[in-house]
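Going down the list, the protein sequences come from chains A and B. The working numbering puts the first sequence at residues 1 to 225. The working numbering puts the second sequence at residues 1001 to 1495.
These aren't lab readings, by the way, just hints derived from the structure by calculation. Note that this is a predicted model, so its numbers are computed, not measured. Fair warning: there could be bad hints in the mix.
[What the hints assert, rightly or not] Under the rule of at most 27 angstroms between Cα atoms (straight-line distance), these lysine-lysine pairs were calculated in the DSSO-like manner: (1) A:Lys-62 with B:Lys-1359; (2) A:Lys-62 with B:Lys-1381; (3) B:Lys-1222 with B:Lys-1186; (4) B:Lys-1161 with B:Lys-1207.
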Amino acid sequence: MGSLRVQKRLAGQSHTPDPVAHTLSEVFPETVSDAAAVGFILARLPRTDAPVLWVQDRLSRKEAARPYLVGIGTARPVIMVHLSRAADVLWAMEDGLRCKALGAVIGEVWGDPPALDFTATKRLAMRSEAAGLPCWLIRRAASANLSAARERWRISSVPSALHPHDAQAPGRPRWSLTLFRSRRAKPGQWVATYDRSADCFDLTASVRDGSLAAGHGAAGQRAAG
Amino acid sequence: MDRWQRVMEQQGNAPPDDIPIVLAREGHHGPVIHAANRVARLNGINPGSRVVDMRAICPDLQVEYADLAGDKAALDRLVLWARRWCPWTVRDEDNGLILDTTGSDHLLGGEAAMLIEMETQLSLLGLEAQLAVAPTWGAAWALARFGPVRSICAPDQVTDKLGALPVTALRLNEETLLLLGRLGLKTIGALMDVPRLSLTRRFVKAKLEANPLLRLDQALGKLAEPVASVDARPRFRVQSRLAEPILDPTPYLPGLCEALCEILDKAGMGCRRLFLTAYRTDGDISHVTVATSATTRDPTHLHSLFRDKIERINPGFGLDLITLEAGAVEELQHRQNRLEGGSDDDLHLTQLVDRLCAKFGSRAVTRPVLRQSHIPERAEKSAAALAAPPETETAARQERPIRLFDHPEEISVLYAVPEGPPAQFVWRRRPFRVVRYAGPERIAPEWWHDRPGTRLRDYFKIEDQSGQRLWIYREGLHGDGRGGAPRWFVHGCFA
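Okay, chain B solo, but in the shape it has when bound (with noise of 0.2 angstroms):
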């Protein structure tokens, strides 16, 4: 929810604090709620229940969707960011953190400090938390959840602290929960104080997210949950830090790119995206990032995409530090596909790409490729430069024009024949009289795709009196109900 709200205020178009909004996720009987904000919780909205029940409590409640792909690959940078603390964190199912502070608390002046200090920065990170600490991992997520705020559990109150709270508190599955709620267990205490026997009789066969034995042991320590940290990714990058301050950063590219190549050589890596940042004395930084189309780790060809895109650093008074990073770095095993040692010229293609779209954008540099549509605008679009092209080649059966206009241009039409192309016409102010023609070939429109309303399309292929070849079309039909008389355009050029 906060990470919305910040997408939301970065886009320009965040709602007002009043407005109950909750964000909903699909579920088995449409959407249910997945995360709320503080209004709608305020007005009785729980997440997890159905949108349209909560639309009935709420009549002018705002529901968008959740991206929750989106909110786990953040927690997970969250996971490398919250390593500021202490070097063992690990992401906990879809919303959680867990760090292992063990040892490194009084470095931040004891436990309920570094709490503290967690809750500032994450919430200048504009994100909301709930923390806690505990001697377990299951300790620390009931704390965190169902406990006092802030919440801090020595090893020797797990069991007192513990007991207070629900079962829920447990991390057990749906049915589990319901099950305890009918046998009566309300509190982890109650459960606690059934005999251990009977509990692993009943839950003999359970899974572990449906037994409530192991997870009260896994809170209270008895049955060992370790942390099994990710490793960040490591980074490759190198900086040049100048003895003074210089004005023209050029001279250094060179050496940075072949020094960078040769990290990545060793690593057996290439990247597809370059980050170079200027450190300048005033404390300014500028930034300036080329892509290309392939992985490579060729240092001239690198150091050519930013042949033009340097002087666009402002130096000012002077840079004293240049790093060049790079970035969406991928594995890249050298390549020999040809007997004598040489591999193909085909990165040369690669490389023509690269520059074309570091000089020019990588809009500008496409390629066109076939699709399934009878619309001759949708027949065709456009994929990056060095896309595969679809496996459905679909050849045209009629005969298509070898130019096609972006916007066909409407004519004026002189005389027209009921059920054929017009005799005479006006085009780009130049008259055009029809000499030969063939047609109508009728092109309904994809009503799976089209606005109701949108008319089909008559096109001929006409020749002028001076040979001109061209392809034009009626759209609509008279008395379609579709709007008034059809009208003429030119869509393309015939060879």
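Chain A extracted, bound-state conformation (with noise of 0.2 angstroms):
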């Protein structure tokens, strides 16, 4: 097992000569009320200041909860959108993409609407690309179907690290990240340590791979999106 910068094993695999380049990727939390992608997401999202439009699906903010700005912090605004419909939240993540003011655009979509075909995705991953803005949806309840997205996850919590000072208690948060489609990156199966103080995350591999082993990049480092 090794710890690994996300950003060069991106690199090192990727047939694009730009790792940083912001597109589209879709995320699909294991269960509904799973707050794993959404700490994935943000702390992958650019460390600038500038607004993020944040676009959420009634049945998303009513099942999966709405961010919560005290946990989130204040570093970067947030600009809420609350809305019915899947096809609204699709037009306004593509209208929020030809905001250059923005930092990023995440979308929350429940399950699998009409609207959200392949068409809409690949137009959101043009526009995103287009604009240099990352743009992540975050789809429940959702089965992986046909979709432009240049990276898809699935994202689960797994049982958090030890308390520094306290075994009873919680300590920093892991996911199981597996990214199973990925145009710049082989797919491949990880378990992340998060670090809310640092707002960074290691990446271990959970399955022994040769290729991933080899890289010896410090511990610690965050990961750039």
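Put the two chains together into one complex; each comes in its own frame, and the hints tell you how they fit.
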């Protein structure tokens, strides 16, 4: 097992010369109420103070709660958009990707609405790449159907690390990350340990993999998305 | 009082006429009566007296609070509305209008006919009015309030007509009125009989509102009191008259937006609201309103806000006139904040917010900001999307979840430990077994906000067998006397 910088790993295996080009990524949380996916996205957002456009549909807000600013931190302002239909969410995200003043666009869509088809994801991906804005689509209770997202993740929580002072308490959160489709990197499976105070996470390959273990990135470095 | 009655009628809960109602305002010693309806006045309740005294006279008195600022604003609008009779109008203190009708009464058929016309129009607005015509501001003030109904006073009758009125009609303050009463001067006529020299000597240092001689001169026209009319704010409006009725106004919109923005540009103004009015051939009118989050005069942006709203106009048999009016007009100067001549790209963000607000409504687009509170759901409130963040940014000392439920969801606890989290619970029909936990963190209710009987909360961060981390709390304690057994809720999710 080895700890690696995501950026280095992605760069090493990619065919595109620019490893930090922002694009559309889809995230599928394993369970509906699991906030690991949100934590992962927040840790991978570029570290700027540009506002984040966060679009939620009604069911996502009802079933999976709303982002809580006190927990997220006020480093970057959040513009929340609460909508009822998935088509509106996609419209708002597409509009947001035309605005260069934003830092990122995050959308949450519940289930498999007919509006979210290959064309819609392709539009989002192309707009995101044209604007150079990271765009994340969180899809709960959804199947991984046809999509043009450049990266597709499946994320769930796993039991956390040991708390340094209290054996009874949960320590640093750990997530199981599965990159099951990617245009730039080889798909793989990792376990990430998130450090809240430094806002960075370490990656550990959960499956022994020769090509991954060969790297020697310094632990504790932030993954640049 | 009339305005309040109309507002209540609009809200659909207007009280019946036979209930005494007063509007109160804050006085030095508790609330005093600002205005009373007819029943209350008949019961002997007069404005200016204290509410508690009047409650003693009339036990079933209903008291509402007066909206003084709203009254003033309504009166300011009425000033402009009254320009239909004469071009020179002004607001008089808090409860009057002064119209300089010199040369405009003959247009309405003489002064008497003019007063009747005014009273009719005002009563159509739902307002009760006392009117008088007099050569001076002071005399008109006195006659309207203390004279006969619709009194008309020719320039040579001023002395006679004012002489019979009480000294209260001279716009003097309370202390001076008390003093004049002690001196035995009850009417203006009695005051006029006093030699000028002694009045001058007595009130030589008094201000205008405490000086009966100056006020008397003003009322009699010996001292000039001009009417300084206010200018109406310019209206920015463009229209396109159509030679033939059309069904689709869309092709005319870009031209209208450009014309409007040109006018705004010339005046150095920008608008935050646009009203589009379409007049149908059969006399029906439809309105479309869009709003922007920042002042702008960019025609393409303003046009794009109408994109999905135009379809709501029902053209019927066709439209023959379209007008576009700018509302909430503010000053907007050209801004250049880069040396080479460009300007910031912040405008782009405001445009995005405008587009989202125009499509989904301004309630859907919010921005969460922090607030000083220990109660988790109160520590965050949503502000307008482009509102400035408050200065008091407080970081949470304890770890907080990154997702919070709008309404905490109740869980059924299968097995509870007395001083700790439940060992096992069911949430959303799924069993959770608590493997590790941190807590409790006790959050007491805010007694200055909450109803009495609100129970305290003990929060736990728990981790279940699959690694999911939740924020749960127990509401209340066993035997705290505020309800039955404590209940458990899920309130948030940790990363």
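Structure-based check of all given hints:
1. A:Lys-62 with B:Lys-1359: Holds, because 22 angstroms separates the two Cα atoms, which is no more than 27 angstroms.
2. A:Lys-62 with B:Lys-1381: holds, 18 angstroms
3. B:Lys-1222 with B:Lys-1186: holds, 22 angstroms
4. B:Lys-1161 with B:Lys-1207: holds, 26 angstroms
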